[in-house]
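2 protein chains.
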Amino acid sequence: MLSLLSYETVGENVSPEHPQVVPITIFVAVLCLCLVIGHLLEENRWVNESITAIFIGGLTGILILVLRKGQSSHLLRFSEELFFIYLLPPIIFNAGFQVKKKQFFQNFITIMLFGIVGVFISTVIISLGSWWLFPKLGFLGLAPRDYLAIGTIFSSTDTVCTLQVLHQDETPLLYSIVFGEGVVNDATSVVLFNAVQKMDVSKINSQTILSVIGDFLYLFSTSTALGIGVGLLTSLVLKTLYFGKHSSIRELAMMVLMAYLSYMLAELLELSGILTVFFCGIIMSHYSWHNVTESSRITARHVFAMLSFVAETFIFLYVGMDAFDIEKWKMTKLSLGTSLGIYSSIVFLILVGRAVFVFPLSAFSNFMNRRKTSPLTFKQQTVIWWAGLMRGAVSIALAFKQFTYSGVTLDPINATMITNTIIVVLFTTLVFGFLTKPLVNYLITHRMRNQNNRGGGSGGEQPRSPKDDVVLPLLSFDESASANMQIARESFSLLMDRPVYTIHHYWRRFDNAYMRPIFGGPRHSRSEC
Amino acid sequence: MLSLLSYETVGENVSPEHPQVVPITIFVAVLCLCLVIGHLLEENRWVNESITAIFIGGLTGILILVLRKGQSSHLLRFSEELFFIYLLPPIIFNAGFQVKKKQFFQNFITIMLFGIVGVFISTVIISLGSWWLFPKLGFLGLAPRDYLAIGTIFSSTDTVCTLQVLHQDETPLLYSIVFGEGVVNDATSVVLFNAVQKMDVSKINSQTILSVIGDFLYLFSTSTALGIGVGLLTSLVLKTLYFGKHSSIRELAMMVLMAYLSYMLAELLELSGILTVFFCGIIMSHYSWHNVTESSRITARHVFAMLSFVAETFIFLYVGMDAFDIEKWKMTKLSLGTSLGIYSSIVFLILVGRAVFVFPLSAFSNFMNRRKTSPLTFKQQTVIWWAGLMRGAVSIALAFKQFTYSGVTLDPINATMITNTIIVVLFTTLVFGFLTKPLVNYLITHRMRNQNNRGGGSGGEQPRSPKDDVVLPLLSFDESASANMQIARESFSLLMDRPVYTIHHYWRRFDNAYMRPIFGGPRHSRSEC
Numbered sequence: 005m006l007s008l009l010s011y012e013t014v015g016e017n018v019s020p021e022h023p024q025v026v027p028i029t030i031f032v033a034v035l036c037l038c039l040v041i042g043h044l045l046e047e048n049r050w051v052n053e054s055i056t057a058i059f060i061g062g063l064t065g066i067l068i069l070v071l072r073k074g075q076s077s078h079l080l081r082f083s084e085e086l087f088f089i090y091l092l093p094p095i096i097f098n099a100g101f102q103v104k105k106k107q108f109f110q111n112f113i114t115i116m117l118f119g120i121v122g123v124f125i126s127t128v129i130i131s132l133g134s135w136w137l138f139p140k141l142g143f144l145g146l147a148p149r150d151y152l153a154i155g156t157i158f159s160s161t162d163t164v165c166t167l168q169v170l171h172q173d174e175t176p177l178l179y180s181i182v183f184g185e186g187v188v189n190d191a192t193s194v195v196l197f198n199a200v201q202k203m204d205v206s207k208i209n210s211q212t213i214l215s216v217i218g219d220f221l222y223l224f225s226t227s228t229a230l231g232i233g234v235g236l237l238t239s240l241v242l243k244t245l246y247f248g249k250h251s252s253i254r255e256l257a258m259m260v261l262m263a264y265l266s267y268m269l270a271e272l273l274e275l276s277g278i279l280t281v282f283f284c285g286i287i288m289s290h291y292s293w294h295n296v297t298e299s300s301r302i303t304a305r306h307v308f309a310m311l312s313f314v315a316e317t318f319i320f321l322y323v324g325m326d327a328f329d330i331e332k333w334k335m336t337k338l339s340l341g342t343s344l345g346i347y348s349s350i351v352f353l354i355l356v357g358r359a360v361f362v363f364p365l366s367a368f369s370n371f372m373n374r375r376k377t378s379p380l381t382f383k384q385q386t387v388i389w390w391a392g393l394m395r396g397a398v399s400i401a402l403a404f405k406q407f408t409y410s411g412v413t414l415d416p417i418n419a420t421m422i423t424n425t426i427i428v429v430l431f432t433t434l435v436f437g438f439l440t441k442p443l444v445n446y447l448i449t450h451r452m453r454n455q456n457n458r459g460g461g462s463g464g465e466q467p468r469s470p471k472d473d474v475v476l477p478l479l480s481f482d483e484s485a486s487a488n489m490q491i492a493r494e495s496f497s498l499l500m501d502r503p504v505y506t507i508h509h510y511w512r513r514f515d516n517a518y519m520r521p522i523f524g525g526p527r528h529s530r531s532e533c
Numbered sequence: 005m006l007s008l009l010s011y012e013t014v015g016e017n018v019s020p021e022h023p024q025v026v027p028i029t030i031f032v033a034v035l036c037l038c039l040v041i042g043h044l045l046e047e048n049r050w051v052n053e054s055i056t057a058i059f060i061g062g063l064t065g066i067l068i069l070v071l072r073k074g075q076s077s078h079l080l081r082f083s084e085e086l087f088f089i090y091l092l093p094p095i096i097f098n099a100g101f102q103v104k105k106k107q108f109f110q111n112f113i114t115i116m117l118f119g120i121v122g123v124f125i126s127t128v129i130i131s132l133g134s135w136w137l138f139p140k141l142g143f144l145g146l147a148p149r150d151y152l153a154i155g156t157i158f159s160s161t162d163t164v165c166t167l168q169v170l171h172q173d174e175t176p177l178l179y180s181i182v183f184g185e186g187v188v189n190d191a192t193s194v195v196l197f198n199a200v201q202k203m204d205v206s207k208i209n210s211q212t213i214l215s216v217i218g219d220f221l222y223l224f225s226t227s228t229a230l231g232i233g234v235g236l237l238t239s240l241v242l243k244t245l246y247f248g249k250h251s252s253i254r255e256l257a258m259m260v261l262m263a264y265l266s267y268m269l270a271e272l273l274e275l276s277g278i279l280t281v282f283f284c285g286i287i288m289s290h291y292s293w294h295n296v297t298e299s300s301r302i303t304a305r306h307v308f309a310m311l312s313f314v315a316e317t318f319i320f321l322y323v324g325m326d327a328f329d330i331e332k333w334k335m336t337k338l339s340l341g342t343s344l345g346i347y348s349s350i351v352f353l354i355l356v357g358r359a360v361f362v363f364p365l366s367a368f369s370n371f372m373n374r375r376k377t378s379p380l381t382f383k384q385q386t387v388i389w390w391a392g393l394m395r396g397a398v399s400i401a402l403a404f405k406q407f408t409y410s411g412v413t414l415d416p417i418n419a420t421m422i423t424n425t426i427i428v429v430l431f432t433t434l435v436f437g438f439l440t441k442p443l444v445n446y447l448i449t450h451r452m453r454n455q456n457n458r459g460g461g462s463g464g465e466q467p468r469s470p471k472d473d474v475v476l477p478l479l480s481f482d483e484s485a486s487a488n489m490q491i492a493r494e495s496f497s498l499l500m501d502r503p504v505y506t507i508h509h510y511w512r513r514f515d516n517a518y519m520r521p522i523f524g525g526p527r528h529s530r531s532e533c
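Chains as they are written, first to last, in my numbering: chain L, 5 to 533; chain D, 5 to 533.
Please keep in mind that the hints were generated in silico from the structure rather than gathered at the bench.
Listed below are several chain L residues computed to face chain D (Cβ distance under 8 angstroms; list not exhaustive): (1) Val25; (2) Leu39; (3) Val40; (4) Glu46; (5) Ala257; (6) Phe313.
Some residues of chain L that are not near chain D, with every Cβ distance over 12 angstroms (derived): (7) Lys106; (8) Pro139; (9) Glu174; (10) Leu221; (11) Ile232; (12) Glu331; (13) Arg512.
Since the structure is predicted, the reported quantities are computational estimates derived from the model, not experimental observations.
Don't be surprised by glycine CBs; every beta carbon is placed ideally from N, CA and C.
With the sequences and hints as input, model every part of the structure.
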């Protein structure tokens, strides 16, 4: 895996046949250390997993720097390929696999508002802001395309820190919005970044902007369709062939390989692998997962979580280690004052760019859902705003893609942008991340936590237990025609009232009647006709 | 992972940033196909997993060759690094993790005879035989070191085919010997290959041979110690910290990472990674596995099996695909007759080289164990002989290491040796593999299967159920001194009688009294004092 990076061996006594042995050994050993320390600090009030990994990575970087007498701290150069081909797919797939689908789809509109419209707004503000501020600070030489790239780079959020603090059961609404936004944001910023790179920046007019939006919608829908297609195919194969008859290993391998295949196919077709693998994960947890043996179910859940966890830790570790690569620092020619000015202006733009869309869009979302009992309170909006302030691995990967050629840059302006990105990621993750636990604990008091179950389906006009949701659609096939009529009439008034909820309700009926019998899934005994 | 190989893209329309996307997509898709077809052919009398994978790989190779209009069939060049750093460790670790330790250690001496002494004998015969035969067939130009390398290359067996046919419960003795020999053989041939490469071949005398044996013993003992050390450390960490308290993901990640770390550490210290990771697997299944939560136990078992399964399938697939790489074939300058002569002489040497040690060493093993009731019958010896006739991925990896420079060779003699190896691997796996199922079914009749439980601990002078084994050592701490004396006297006469068995017995006592309380493992309630 690490071979994607151009490696540099630490010592001279290493056999030339296996130059990767040293960096892999160090990375694996440090990953183990991260696991142990992360576990020991689990109950700490301030620290979280990402901060621990960045710190340990930084310490390792310093250690290597000292051992090499100041030459360079990096064992491996950052490579977007390592990131986009090996590390990101398991993280996003796991997100789709573990997401609480019901809550995700019930808050679908709000999530899409934040995750798509929000990124567009934030990109515009950060692009314009940096275009206006950077020359004033004495940092010249960036092309218009670079400013647009900066906008998308610093619009991709990293919600891991906040998700570690929020609890899915205590604040389901908030959790599902922050989680959902995080995934959609990742996909949007990568897709937008690619769209910006293809765009002809010399003549920006309403038509180019429309074509970017058109491209985006095309990518979004095809990628989603591909993910759903691969997921359904996997479910069908697992259900029809029933691998478990001979060996539960095959069904497990099938799930892992097909999930990865969906991502690679999307990349091959130049779609968004992130969206594809996310929806593939949702479909797999909804159908495929039910077609395998009990032990494979347990294993699948844990394997995906473990792969995602290791990939995430690795990324933060890597970012920490890369921060002490002094070659990049030597190359930037700006004074400390200018550099600090640039860092703070980027952080300022991030803060503003996010505030500008979170609060208005929350108000809009509340307006749309005005007939529901609990709108997004100001405190909750603040948490959502805060959750998206951290910048992470996606930012770094995109920055390397824009400003380096396979991890190397010799241009001082590009080197400056790389160091800027690293500093902003470190600052937001460490400082904002450090404040997240206390802030969330302060804003989300116990009283509020109990108010927030709107996302769980209760709290609307028709409070309904999860059990009802399963039984109701089935009833309609067994009961008399008049009962069906009654349900239809109710449904219609519901549709007027709460469109998303009603779509969800019809989906459940369709799912139980047609999808689950074909693709697998838990069914009520009465529905097995 | 695949990036280790020098890749060549199929089409021209692939974005230059991600040249690996196409080969990875094809490999993953074909792997999925292998899974499905392997499942469908599971109950077929003739075909097994390896043969299926080689066939599908071959078909894919032909397809690519046709699509590219005969240019070349390989998507990826073979790389020993891919093999030794990523594919081999999970296979060997899983072997250690799943091995039935009791049977393995009860047949330890027999396994070591076949796995170590056997490889030495086979290497000598194949080296001398090829040194004598090749020039007669008109194939000149190999150096003495090459002949020694050929000896080790064709002494590494691939017992996967046979193990798929034998059943651990029906023929425990045979299974544990074939399985154990397979693992020890892998390690021995790799270590011997490396020793031969370092050796000064210009002056072979008794001293060089002694130093090779000395090197070998040193590597064997240090590698084993390292594997045991890492395994025990992992057990201790898992037991002390109890990761499961917060997240079962961490304990799982810890096991996977530490297992891999043991292999990489061994490679870094220039020891035998295979032996290290094998013993690490044994220790982990004996101690670490008991220190994790129930779900992690299920997951660990399945994850290791799945990784091993995928790696194995990948290797056979790859070998099949590589067979149609016509560049290599164009480069050899021998006539068809000469080539056929070389192939058949290698296969002949393999058959002879194995027969020469299997039957005498079996007789020796029977003589050593003469007071046991069931010796290795001639039919069983034949199965052991047959099981080691197939050549597999280790042979290919070693051949590439000896005769190419990072997968490429421009020398016709070296190219010939590569094609020879591929042909021999294909021939032995397909033809011998094809005959394995019927042969084993013919030789091992049901009557014999019942005779064979010697390996399970019963059938000796002191038939003893597994339960006894656990209880007996514990008794000695609770009962009176006279009972202890009695046990000691019995043990002494046992030691005279059946040394391995008695060592095993004492080990169990020690294990229960000291090791398990420290490192974890299932204990009788009375021992928890």
